[in-house]
Amino acid sequence: MNNRSLTTLPHHHRNTNPPPPQQNPPLVVTLNCIEDCAFEQDSLSGVALIEHVPLSCLSDGKIESAAAVLLHSLAYLPRAAQRRLRPYQLILCLGSTDRAVDSALAADLGLRLVHVDTSRAEEIADTVMALFLGLLRRTHLLSRHTLSASGWLGSVQPLCRGMRRCRGLVLGIVGRSASARSLATRSLAFKMSVLYFDVHEGPGILSRSSIAFPSAARRMDTLNDLLAASDLISLHCALTNETVQIISAECLQHIKPGAFLVNTGSSQLLDDCAFKAIVD
1 MNNRSLTTLP
11 HHHRNTNPPP
21 PQQNPPLVVT
31 LNCIEDCAFE
41 QDSLSGVALI
51 EHVPLSCLSD
61 GKIESAAAVL
71 LHSLAYLPRA
81 AQRRLRPYQL
91 ILCLGSTDRA
101 VDSALAADLG
111 LRLVHVDTSR
121 AEEIADTVMA
131 LFLGLLRRTH
141 LLSRHTLSAS
151 GWLGSVQPLC
161 RGMRRCRGLV
171 LGIVGRSASA
181 RSLATRSLAF
191 KMSVLYFDVH
201 EGPGILSRSS
211 IAFPSAARRM
221 DTLNDLLAAS
231 DLISLHCALT
241 NETVQIISAE
251 CLQHIKPGAF
261 LVNTGSSQLL
271 DDCAFKAIVD
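Going by the UniProt record's numbering, the sequence shown opens with residue 1, and the numbers climb by one from there.
These are calculated hints, taken from the structure and not from any lab test. Certain hints may be false.
Pairwise CB distance ranges, derived in the manner of DEER restraints [to be verified]:
| hint | residue 1 | residue 2 | range |
| --- | --- | --- | --- |
| 1 | Y76 | G168 | 37 to 43 Å |
| 2 | E35 | D225 | 41 to 47 Å |
| 3 | T222 | C160 | 26 to 32 Å |
| 4 | G168 | T222 | 20 to 26 Å |
| 5 | A249 | D126 | 27 to 33 Å |
| 6 | R218 | P87 | 47 to 53 Å |
| 7 | K256 | Q41 | 45 to 51 Å |
| 8 | N224 | P25 | 52 to 58 Å |
Yeah, the Cβ is synthetic: ideal placement off N, Cα and C, and Gly gets one too.
Please work from the sequences and hints to get the whole structure.
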């Protein structure tokens, strides 16, 4: 009988320790904006959880547990919602009409706020174009009349007087931005003439902006010349020390009677008192 040396084999003990908990993706809350988050959820699947929190559900604790919060404007949020935001969160402001006000408020609250609105150029241009088309075709008046009046064909004719075609009208754009360029492209497709004025340009001075208007658009040397020649006016300039009340009482005197003005930026671009006096 051969004696064999017995080798003690190591025993493989079962690991009874629980596995480390899986870290959940960070929560991103949309507050007072983007109610339907389906697109964002698909785009960030596995990276982040996206959830809309209505203002009626502020007390559910989701705002406080979010890593990032998306909103249109911090200043327009109710104070109850502002108080639930935390310094460790990233606050993404998608459409502030006044960056300075939102930034100052964020500093007072100790929040990290980032303005993210450069990708909205196409949406801004679409909205401005829709507003101009509605005003020119008097869609808002016709809609109101249809809802309130019993008759339609006979009673609507007076409202149709004053409707205007887009072809041949002059659009004046104040400011050089991606949305301004997009609006110029759309307006040219409607057979309008497009003028633009850049607040950073002047006679013999060219802007350093990389945004170029379509070649058919014509640059104006002065704001007053643009206002006097335009049937439609759209403001696309950022609010700076140079542009505060850029549409002043004196400038308003140069606007054609019956012209339409759409402001895509801050309300402080306009002299409100002078503007209301002219409209009234």
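Hints, verified against the model:
A hinted range of 37 to 43 Å holds for the C-beta pair Y76 and G168, which are about 39 Å apart. Taking the beta carbon of each, E35 and D225 are about 44 Å apart, inside 41 to 47 Å as hinted. Between T222 and C160 the C-beta distance comes to about 36 Å, which lies outside the given range of 26 to 32 Å. As the Cβ distance of G168 to T222 is approximately 23 Å, the hint placing it in 20 to 26 Å holds.
About 32 Å separates the C-beta atoms of A249 and D126, a value consistent with the hinted range of 27 to 33 Å. The hinted window of 47 to 53 Å between R218 and P87 holds, with their beta carbons roughly 49 Å apart. At about 48 Å, the beta-carbon gap between K256 and Q41 stays in the expected band of 45 to 51 Å. For the hinted restraint 52 to 58 Å between N224 and P25, the CB-CB distance of approximately 54 Å keeps it satisfied.
When the structure is compared with the earlier hints, a violation turns up for hint 3 alone.
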